[in-house]
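Using the sequences and the accompanying hints, generate a full structural model.
The sequence shown begins at 1 in UniProt numbering and counts up one residue at a time.
Keep in mind the hints are simulated off the structure, nothing from the lab. No experiment lies behind these values; they were computed from the predicted model shown. Hints may contain errors.
Cut-off 25 Å, straight-line C-alpha distance, at most; resulting in silico cross-link-like pairs (BS3-like, lysine-lysine) [claimed, not checked]: (1) LYS184 <-> LYS241; (2) LYS3 <-> LYS91; (3) LYS151 <-> LYS54; (4) LYS3 <-> LYS130; (5) LYS32 <-> LYS6; (6) LYS255 <-> LYS214; (7) LYS130 <-> LYS207; (8) LYS3 <-> LYS86; (9) LYS86 <-> LYS162; (10) LYS62 <-> LYS151; (11) LYS32 <-> LYS62; (12) LYS162 <-> LYS91.
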Amino acid sequence: MSKLIKKPWAKAVRCLPNELCRFAIFSLGTSKQREIWHLDNHLNVARVDGEETKLELTYVGKELRQDDLDVYLELLHYARDADISKELSFKRADIMTSLCQPQQSFYYDRLLNSMRRLSNANIEGLITRKNNGVIVHHRFNFNLVDSFQYKELNGEMARTWKYRLPPELIEFFTENGFARIDHKRRLALKNNQIAKWLQMYFSSHRKNNTYAIKVETLMELCGSNSHNLRSFRQKVAIALKLLSATGIATAYIDKETDRIMRK
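Following this line, the structure appears as structure tokens:
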């Protein structure tokens with residue numbers, strides 16, 4: 001049996017590999033037009049050198065955003081105690097309820113579009129993990145969703161959708177290799193994209209300031225389309241207040257270094 005982890009995580013959280021939390025695989029975009037990256041013009045998401053931290057990550061596909069991440073977190077959640085070498089399924093009504101969305105055709109179509117983007121979202125590169133204290137590097141190349149089926153034989157949209165996840169994901173879900181995201185609190189962030197991105201970023205790091213980043217660095221990492229650092233900084237400040245109000249994290253922008261510091 002191929003499982004993501006030995007013991008399934010709690011119902012109240014959603015989990016995602018650290019590498020997908022810290023970069024622009026899932027961006028802050030909100031415009032109608034989405035970027036598209038092709039094989040000959042892929043997105044260089046990240047490259048980190050160092051034996052213990054080596055990371056390579058490139059992306060090909062249509063731009064993924066926080067709404068796509070919401071769906072992907074649910075797909076991983078449904079699979080947390082399943083054999084991912086087999087076909088998985090979820091009820092359309094259940095995912096709508098979990099995401100606090102109405103069971104209406106508009107939202108079904110949004111779900112379908114997210115599933116299409118995820119099934120065509122290719123990531124390639126190298127990650128580093130520890131196995132019994134030994135540094136291990138894993139090369140990978142897969143789509144975030146292997147395949148999915150949403151239609152009945154008569155062509156009507158089914159109430160139960162089927163999907164497959166890539167078995168390579170198991171290499172990502174090692175101890176300390178993934179983040180635990182509070183689902184209820186994420187929902188409370190509503191449409192604040194920066195707050196949502198920061199929640200998963202903070203969740204992928206220990207609660208200290210070792211990895212405190214500058215606002216300008218954040219603007220690059222999260223895939224923001226903003227070209228105005230001052231304006232972006234103001235939006236980050238608003239997002240940090242929301243993170244504090246929802247109990248996710250208490251952080252502030254240090255005036256001297258412009259780094260986002262956690263308390």
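Provide an ascending list of the numbers of those earlier hints which the structure does not satisfy. Result: hints 3, 5 break, sorted rising.
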